[in-house]
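Could you build the full structure based on these sequences and the hints that come with them?
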Amino acid sequence: GAVVSQHPSWVICKSGTSVKIECRSLDFQATTMFWYRQFPKQSLMLMATSNEGSKATYEQGVEKDKFLINHASLTLSTLTVTSAHPEDSSFYICSVRYPSSYEQYFGPGTRLTVT
Amino acid sequence: AQSVSQHNHHVILSEAASLELGCNYSYGGTVNLFWYVQYPGQHLQLLLKYFSGDPLVKGIKGFEAEFIKSKFSFNLRKPSVQWSDTAEYFCAVNERSSASKIIFGSGTRLSIRP
Chain A
1 GAVVSQHPSW
11 VICKSGTSVK
21 IECRSLDFQA
31 TTMFWYRQFP
41 KQSLMLMATS
51 NEGSKATYEQ
61 GVEKDKFLIN
71 HASLTLSTLT
81 VTSAHPEDSS
91 FYICSVRYPS
101 SYEQYFGPGT
111 RLTVT
Chain B
1001 AQSVSQHNHH
1011 VILSEAASLE
1021 LGCNYSYGGT
1031 VNLFWYVQYP
1041 GQHLQLLLKY
1051 FSGDPLVKGI
1061 KGFEAEFIKS
1071 KFSFNLRKPS
1081 VQWSDTAEYF
1091 CAVNERSSAS
1101 KIIFGSGTRL
1111 SIRP
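Line order of the protein sequences matches chains A and B.
Residue numbers for the first sequence follow my numbering, so the first one is 1 and each next one is one higher.
Residue numbers for the second sequence follow my numbering, so the first one is 1001 and each next one is one higher.
Hint data in this document are derived by calculation from the structure and do not stem from the laboratory.
Computed from a predicted structure; not experimentally measured.
No residue lacks a Cβ here, since even glycine has one placed at the ideal position from N, Cα and C.
One or more of the hints may lead you astray.
Here are the simulated lysine to aspartate or glutamate pairs, EDC-like style, with alpha carbons at most 16 Å apart [said to hold, decoys possible]:
hint, chain 1, residue 1, chain 2, residue 2
1, B, Lys1061, B, Glu1020
2, A, Lys20, A, Glu59
3, A, Lys41, B, Asp1054
4, B, Lys1101, A, Glu59
5, A, Lys14, A, Glu87
6, A, Lys14, A, Glu103
7, B, Lys1101, A, Asp65
8, B, Lys1061, B, Glu1088
9, A, Lys55, A, Asp65
10, B, Lys1061, B, Asp1085
11, B, Lys1049, A, Asp65
12, A, Lys66, A, Glu52
Over 12 Å on every C-beta distance to chain A, these chain B residues come out as not near it, computed from the model [unchecked claim]:
hint, residue
13, Gln1006
14, Ser1014
15, Ala1016
16, Gly1022
17, Leu1033
18, Gly1053
19, Lys1061
20, Lys1071
21, Arg1077
22, Gln1082
23, Asp1085
24, Ala1092
25, Ile1112
This is how it looks when you write it as structure tokens:
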């Protein structure tokens, strides 16, 4: 399977600050990446679809001004949590879609703790 | 609304027992189906997938799943579980018309007693 990395793996920030999470596709160029969040002992919830060179498509209920997604290159997508609050604390996971396939490969996730 | 249901939230088995985890979906169109596994402290890994063809799909580590279109189901099975199968299992569905979005079920936690 494809190798997907995320950085950082764990971040702690203060309420009101912004945090940027990177997702990199190491094996191939990914035109489409996805961002999920996972609360403890719960499933993954799709937040948005990140398309290289265009605006991300957000799922219903996800604030696009709070969760800024940038997919500036074929190997990198970033998720910026702006003005973070404790309720944003969660596990954020990205995935990349294999070209011409429905398969997705997942990154190891980033644990965000907002104090 | 489109959804994926996993009816078993937590399953506890002894080693060598047989396993079946249920998954049902509600989508009207053609779907691709997946089972992912998340071992403690690790990231999601693909166990198996169904796109088309033989509805009985074999995956890694001795797992298999059967797609029954009439029942909108894609249950995961393993004839004899091991302690190392302790993990969280997620069923996931992609509707082919939805730009490859994958929607996940709520997950089933599998605990294996040694």
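Non-interface label on Asp1085 of chain B, tested against every C-beta of chain A at 12 Å
holds (18 Å)
Holds or violated: Lys41 of chain A to Asp1054 of chain B, with C-alpha atoms at most 16 Å apart:
With a Cα-Cα distance of about 33 Å, the restraint between Lys41 of chain A and Asp1054 of chain B is violated, given a limit of 16 Å.
May I ask you to check that Ala1092 of chain B keeps its beta-carbon over 12 Å from the closest beta-carbon of chain A?
Given that some Cβ of chain A is not farther than 12 Å from that of Ala1092 of chain B, nearest at about 8 Å, it is violated.
Under the criterion that the straight-line Cα-Cα distance not exceed 16 Å, is the pair Lys1101 of chain B, Asp65 of chain A satisfied?
Answer violated: Lys1101 of chain B to Asp65 of chain A is near 21 Å, above 16 Å.
Hint check: Lys1061 of chain B vs Glu1088 of chain B, CA-CA at most 16 Å. Holds or violated?
holds (15 Å)
Decide if the proposed pair is consistent with the structure: Lys1061 of chain B and Asp1085 of chain B, CA atoms, cutoff 16 Å inclusive.
Between Lys1061 of chain B and Asp1085 of chain B the Cα gap is close to 9 Å, so the pair holds against 16 Å.
Status of the stated non-contact between Ala1016 of chain B and chain A (beta carbon gap over 12 Å)
Holds: least Cβ distance 27 Å, greater than 12 Å.
Once the closest CB in chain A is found, is it more than 12 Å from Ser1014 of chain B?
holds (23 Å)
Please confirm whether Gln1082 of chain B is truly not at the interface, meaning its C-beta sits more than 12 Å away from all C-beta atoms of chain A.
Consistent with the label, Gln1082 of chain B stays out of reach of chain A, its closest Cβ about 22 Å off (over 12 Å).
Holds or violated: Lys66 of chain A with Glu52 of chain A, Cα cutoff 16 Å?
Violated, at roughly 20 Å.
Are Lys1061 of chain B and Glu1020 of chain B close enough, with their CA atoms no more than 16 Å apart?
It holds: about 15 Å lies between the C-alpha atoms, which stays within 16 Å.
Would you check the hint for Lys1049 of chain B and Asp65 of chain A, treating anything up to 16 Å between C-alpha atoms as holding?
violated (35 Å)
Consistency note: the structure conflicts with the earlier hints numbered 2, 3, 6, 7, 11, 12, 13, 17, 24.
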